[in-house]
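First to last, the protein sequences are chains A and B.
In this text, residue positions in the first sequence follow the UniProt record's numbering: the first is 1, and each later residue adds one.
In this text, residue positions in the second sequence follow the UniProt record's numbering: the first is 1, and each later residue adds one.
The hints are simulated quantities; they were obtained by calculation from the structure and are not laboratory data.
If you're wondering where the values come from, they're calculated on a predicted model, not measured in any experiment.
Any given hint might turn out to be false.
Just so you know, same-sequence chains aren't split out, so a pair can sit in one copy or run between any two.
[Unchecked claim] Dumping the calculated BS3-like pairs for lysine-lysine here, alpha-carbon to alpha-carbon at most 27 Å:
no.	residue 1	residue 2
1	K266	K112
2	K266	K43
3	K112	K252
4	K62	K23
5	K23	K43
6	K19	K50
7	K264	K112
So the chains spell out like this:
Number of protein chains: 2
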Amino acid sequence: MHQLQSIERLSFNQITLDKWSLKEAVNGCLRAEIPWISVWRHKIEEIGLKESKKIIQDAGIKVSSICRGGMFPAATEQERQARIDDNRRAIDEAAELGTDVLVLVCGPAPNKDLVGARQMVEDGIAQIVPYAKERGVKLGIEPLHPMYAAERSVINTLAQANDIAENYHVDEVGVIVDVFHLWWDPDLYNQIARASGRILGYHVSDWIVPTPDLLMARGMMGDGVIDLRPIRLAVEQAGYNGPIEVEIFNQKVWNTPGDEVLAKMKERFIELV
Amino acid sequence: MHQLQSIERLSFNQITLDKWSLKEAVNGCLRAEIPWISVWRHKIEEIGLKESKKIIQDAGIKVSSICRGGMFPAATEQERQARIDDNRRAIDEAAELGTDVLVLVCGPAPNKDLVGARQMVEDGIAQIVPYAKERGVKLGIEPLHPMYAAERSVINTLAQANDIAENYHVDEVGVIVDVFHLWWDPDLYNQIARASGRILGYHVSDWIVPTPDLLMARGMMGDGVIDLRPIRLAVEQAGYNGPIEVEIFNQKVWNTPGDEVLAKMKERFIELV
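With the hints as constraints, model all of the structure from the sequences given.
As structure tokens, then:
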């Protein structure tokens, strides 16, 4: 199976070192010669969109995606509208920072009605597609692991994400394949094939054992049980050859000096992704 | 939607109060007039099968199932054979304690090969079916939540369990529906209908938010986000009218006096299940 020959597709998802500001993250990538970054909105908020844009442009770094839009379901019409407004701002931020991918973490249910919440997700996406198109931004539905169904997203399989995405043109709505969320799914390879032409991002990390926590559960590639390479090859077979984001939520990684993390990330990326 | 009128279908899964010995658990059920119990094998081991059988028979309590067989995948042929031997002992225990249901927690992969591990599960089940049949015991494949894929079971959806069970007669192999493991699944109701005539057990608890831990994550019915009644009705629609096990892994519940737990369990069972 073919190995990556360089880090030209490596994207640093900045949640991996949440202690770093956007400026620090960009500088870290420059030092490590990592060509891509995925930017989180709480980091943009810290300094404003204008300053964020300047940092990105001055550095000449490419932005693979903005994390995150979504969070559509809510108890009232007013709250749902507020979420739509926030998604429009996220679309603006993506456009301004020069990426055409907004990652959607679709949100949990406001009550016990999962079917209703999933409908709210579909309705919410329908509402923001025209604006995203206008601004040249594609919406990437990221299915989250089923253990996040109650607190983060009611979209928990790639099948669900494909079901929604297929209502739209491939230039409007696609899917994000994240190994941490999807590795367990017996239908994963079928659904990756089904997503051909619609994959807007590929995220890697690892599932560590024993799993210490629901959220801070990810490891550096190679530290866990996920067989990474076959998944990348399937994603490429389905037409995706864009940046590959490394996105790790892990307290030990957060506590490690940033440059060390980036050095190991590059090494493992070549060796294992 | 119709409410349960009594606790005649209530079964106490004894892991809910792991501090209790089998004797204590049976006595607790007698005091609370709970007619069914699900017995864990580490509790049988503490006192031996003969003594366990005497306790059950003297009390006149009905056993809904034995937890658990399974754990089929292993790195070597020798280890896999040892698992088969252990499953035979579990089948004996079920037969001796007067239940016809052995719950299968199928086991994690010994390496990164999920497909291979899932095949080992199929092969393992095939090996034990004849002996189970001989002893009058049915094998109930319990899909476990995907967050347990790395450490407890590579069977993570009811679709997978159905796929395997359908290779056998309904009197040989069936499935266990546990709301904690399956509530998130967008295909749940289809798969329950597909399992018609094959459901060998129905387990209830709740998914609590925030979820404190991967294992000790369950709550008493009503303390979480699962919409329980529609699932029970679907399970009944699929032909299951047997005991309903309450199975809760939760440190706070373990720390609560047992009789208090059983009292609340009865109350919530009538009100919410």
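Results of checking the hints against the structure:
1. K266 to K112: Classified as between: cross-chain Cα gap 22 Å, same-chain 43 Å, threshold 27 Å.
2. K266 to K43: within (23 Å within a copy, 49 Å between copies)
3. K112 to K252: Between copies, since 23 Å is at most 27 Å while 35 Å is not.
4. K62 to K23: Answer is within: at 14 Å inside a copy they meet the 27 Å cutoff, but 66 Å across does not.
5. K23 to K43: within (9 Å within a copy, 57 Å between copies)
6. K19 to K50: within (21 Å within a copy, 59 Å between copies)
7. K264 to K112: Only across copies: K264 and K112 sit 21 Å apart there, 42 Å inside one copy, limit 27 Å.
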